[in-house]
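Undergrad: Model the full structure from these sequences, guided by the hints.
Below are the chains, spelled out letter by letter.
Number of protein chains: 2
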Amino acid sequence: MTSLLSPDALETALRAIGEERYHHKHPFQLKLNSGELTKAQIQAWALNRYYYQCMIPVKDATILARMESAELRREWRQRILDHDGESDDEGGLRRWIALTDGLGLDREMVESTRLVLPATKFAVEAYVHFTGERSLLEAIASSLTELFSPMAIGARVTGMLENYDFITPETLAYFDKRPPQATRDSNFALAYVKDHATTPEQQQAVLDALIFKCSVLWAQLDALYHGYVAPGHIPPGAFDPAKDG
Amino acid sequence: MTSLLSPDALETALRAIGEERYHHKHPFQLKLNSGELTKAQIQAWALNRYYYQCMIPVKDATILARMESAELRREWRQRILDHDGESDDEGGLRRWIALTDGLGLDREMVESTRLVLPATKFAVEAYVHFTGERSLLEAIASSLTELFSPMAIGARVTGMLENYDFITPETLAYFDKRPPQATRDSNFALAYVKDHATTPEQQQAVLDALIFKCSVLWAQLDALYHGYVAPGHIPPGAFDPAKDG
Numbered sequence: 019m020t021s022l023l024s025p026d027a028l029e030t031a032l033r034a035i036g037e038e039r040y041h042h043k044h045p046f047q048l049k050l051n052s053g054e055l056t057k058a059q060i061q062a063w064a065l066n067r068y069y070y071q072c073m074i075p076v077k078d079a080t081i082l083a084r085m086e087s088a089e090l091r092r093e094w095r096q097r098i099l100d101h102d103g104e105s106d107d108e109g110g111l112r113r114w115i116a117l118t119d120g121l122g123l124d125r126e127m128v129e130s131t132r133l134v135l136p137a138t139k140f141a142v143e144a145y146v147h148f149t150g151e152r153s154l155l156e157a158i159a160s161s162l163t164e165l166f167s168p169m170a171i172g173a174r175v176t177g178m179l180e181n182y183d184f185i186t187p188e189t190l191a192y193f194d195k196r197p198p199q200a201t202r203d204s205n206f207a208l209a210y211v212k213d214h215a216t217t218p219e220q221q222q223a224v225l226d227a228l229i230f231k232c233s234v235l236w237a238q239l240d241a242l243y244h245g246y247v248a249p250g251h252i253p254p255g256a257f258d259p260a261k262d263g
Numbered sequence: 019m020t021s022l023l024s025p026d027a028l029e030t031a032l033r034a035i036g037e038e039r040y041h042h043k044h045p046f047q048l049k050l051n052s053g054e055l056t057k058a059q060i061q062a063w064a065l066n067r068y069y070y071q072c073m074i075p076v077k078d079a080t081i082l083a084r085m086e087s088a089e090l091r092r093e094w095r096q097r098i099l100d101h102d103g104e105s106d107d108e109g110g111l112r113r114w115i116a117l118t119d120g121l122g123l124d125r126e127m128v129e130s131t132r133l134v135l136p137a138t139k140f141a142v143e144a145y146v147h148f149t150g151e152r153s154l155l156e157a158i159a160s161s162l163t164e165l166f167s168p169m170a171i172g173a174r175v176t177g178m179l180e181n182y183d184f185i186t187p188e189t190l191a192y193f194d195k196r197p198p199q200a201t202r203d204s205n206f207a208l209a210y211v212k213d214h215a216t217t218p219e220q221q222q223a224v225l226d227a228l229i230f231k232c233s234v235l236w237a238q239l240d241a242l243y244h245g246y247v248a249p250g251h252i253p254p255g256a257f258d259p260a261k262d263g
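Protein chains in written order, with this note's numbering: chain A, 19 to 263; chain B, 19 to 263.
Derived by calculation from the structure, the hints in this document are not laboratory data. There may be inaccurate statements among the hints.
Since the list can't tell identical chains apart, any single copy or any two copies may satisfy a pair.
Stated by the list, open to error - Using 20 Å as the maximum straight-line C-alpha spacing, the simulated DMTMM-like pairs for lysine to aspartate or glutamate come out as follows: (1) Lys43 <-> Asp258; (2) Lys261 <-> Glu38; (3) Lys57 <-> Asp124; (4) Lys212 <-> Asp26; (5) Lys261 <-> Asp119; (6) Lys261 <-> Glu126; (7) Lys212 <-> Glu29.
TA: Structure, rendered in structure tokens:
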């Protein structure tokens with residue numbers, strides 16, 4: 019990039035990245051939505067994605083720790099409250115456990131994260147490290163995949179309820195709460211980057227941060243596809259539906 | 019683990035992990051050795067593995083920075099010399115470039131690492147972070163995959179020379195130098211962990227560090243297999259042999 023974009027042109031460029039690279043287009047996601055996956059494959063997805071869910075508040079706390087204004091921190095801390103709730107009975111993480119429970123996975127096994135694919139852990143930890151090591155602007159920009167999540171969640175919930183008899187509205191409770199939270203959060207982050215990316219270099223860094231984050235999500239589904247969809251190559255020590263499902 | 023192993027029993031346990039989890043058993047590696055891969059698939063392997071090679075001296079410098087004794091640092095610094103050489107014409111990294119050159123890959127593209135799979139970067143960076151964040155004992159233990167590399171290199175070189183007409187001894191120069199270096203380095207690291215893992219908890223940490231490192235190598239081949247071997251799912255933005263090969 020050589021010239022400065024207007025804030026609205028920056029937004030257009032960010033949305034174009036999402037359209038091309040967000041994981042709503044990943045073959046695993048398309049199979050999940052259209053009823054082509056087995057219960058075992060959906061178990062593997064829910065188990066691995068639990069690790070991502072677990073690390074979201076850690077990622078947000080990493081970003082929070084870098085914000086030097088109370089005003090910014092007041093905005094960002096809400097993300098941690100949403101995921102962690104006020105007690106063990108609530109919050110986004112707890113609602114993800116309703117999904118793994120509903121899929122018949124052992125709760126202790128899920129919460130231990132010991133059967134999660136190494137590739138899931140590597141991708142998620144790359145995200146957490148990114149938010150601690152890059153500029154605050156890039157860390158905030160990396161959250162912008164949430165611009166696209168309400169649309170993906172809509173297709174996912176509709177598809178899963180329609181296509182799998184073991185999926186109920188209760189097991190998908192997580193997704194009820196997320197769209198308004200994601201919209202609120204991504205509106206804030208989008209306004210922030212449009213306001214603070216004031217040089218071509220900063221704008222490129224913002225675009226690259228979103229590309230990076232899309233690759234974090236995409237790589238997780240690649241690993242699930244490789245491990246659990248045909249031909250199926252479960253790495254040593256990872257969740258094996260034949261014995262752990 | 020509940021009881022303390024003898025140093026030799028610890029070594030036996032480490033070798034058993036390698037036998038089960040080292041990447042010499044990975045389907046991609048077996049296909050590489052037996053002539054079942056295309057030149058494009060081998061290009062993808064060499065390009066991605068270059069990123070791993072690049073980060074090995076960074077990993078070793080991370081470990082070096084944590085060693086408080088000159089005696090230890092004198093041992094460990096040799097690894098950095100081996101990879102970086104005395105000039106741009108030598109060292110392990112340079113010899114890897116002989117391989118990517120021999121495969122017809124553009125050197126600027128390779129050295130930029132811009133077409134490397136995100137999953138490769140995530141796995142390799144997890145390794146670098148591990149060596150900075152865990153105990154020095156675990157960081158050293160994570161290098162013990164080198165115990166198994168001479169055996170794997172032997173099978174790889176023999177297989178590749180036999181099975182691919184575009185592979186010559188010159189392109190595989192990297193592998194000539196590595197077995198004696200790996201043997202020297204892993205003998206040192208093995209003696210160190212046998213000597214310093216003196217509680218059951220430390221021994222378990224050493225075993226877990228080797229399991230972790232095996233998963234770093236395994237995940238890289240999983241990503242290559244998924245991206246470039248049938249059915250082939252190249253992630254957005256990664257090396258595409260049809261246009262980058």
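Undergrad: Hint by hint, note whether the structure agrees.
TA: Cross-check of the supplied hints:
1. Only between protomers do Lys43 and Asp258 lie at most 20 Å apart by alpha-carbon distance; the minimum there is 18 Å, versus 26 Å within a single protomer.
2. Only between protomers do Lys261 and Glu38 lie at most 20 Å apart by alpha-carbon distance; the minimum there is 19 Å, versus 37 Å within a single protomer.
3. For the homomeric pair Lys57 and Asp124, the shortest alpha-carbon distance inside one copy (15 Å) is at most 20 Å, but the shortest distance between copies (44 Å) is not.
4. For the identical chains of this complex, Lys212 and Asp26 are intra-copy neighbours only, at 8 Å inside a copy versus 60 Å across copies, given an alpha-carbon limit of 20 Å.
5. Proximity of Lys261 and Asp119 under a CA criterion of 20 Å is satisfied intra-copy only: 17 Å inside one chain copy versus 45 Å between copies.
6. When the C-alpha separation of Lys261 and Glu126 is checked against a cutoff of 20 Å, the pair qualifies only within one copy, where the shortest distance is 15 Å, while the shortest distance between copies is 47 Å.
7. For the identical chains of this complex, Lys212 and Glu29 are intra-copy neighbours only, at 7 Å inside a copy versus 56 Å across copies, given an alpha-carbon limit of 20 Å.
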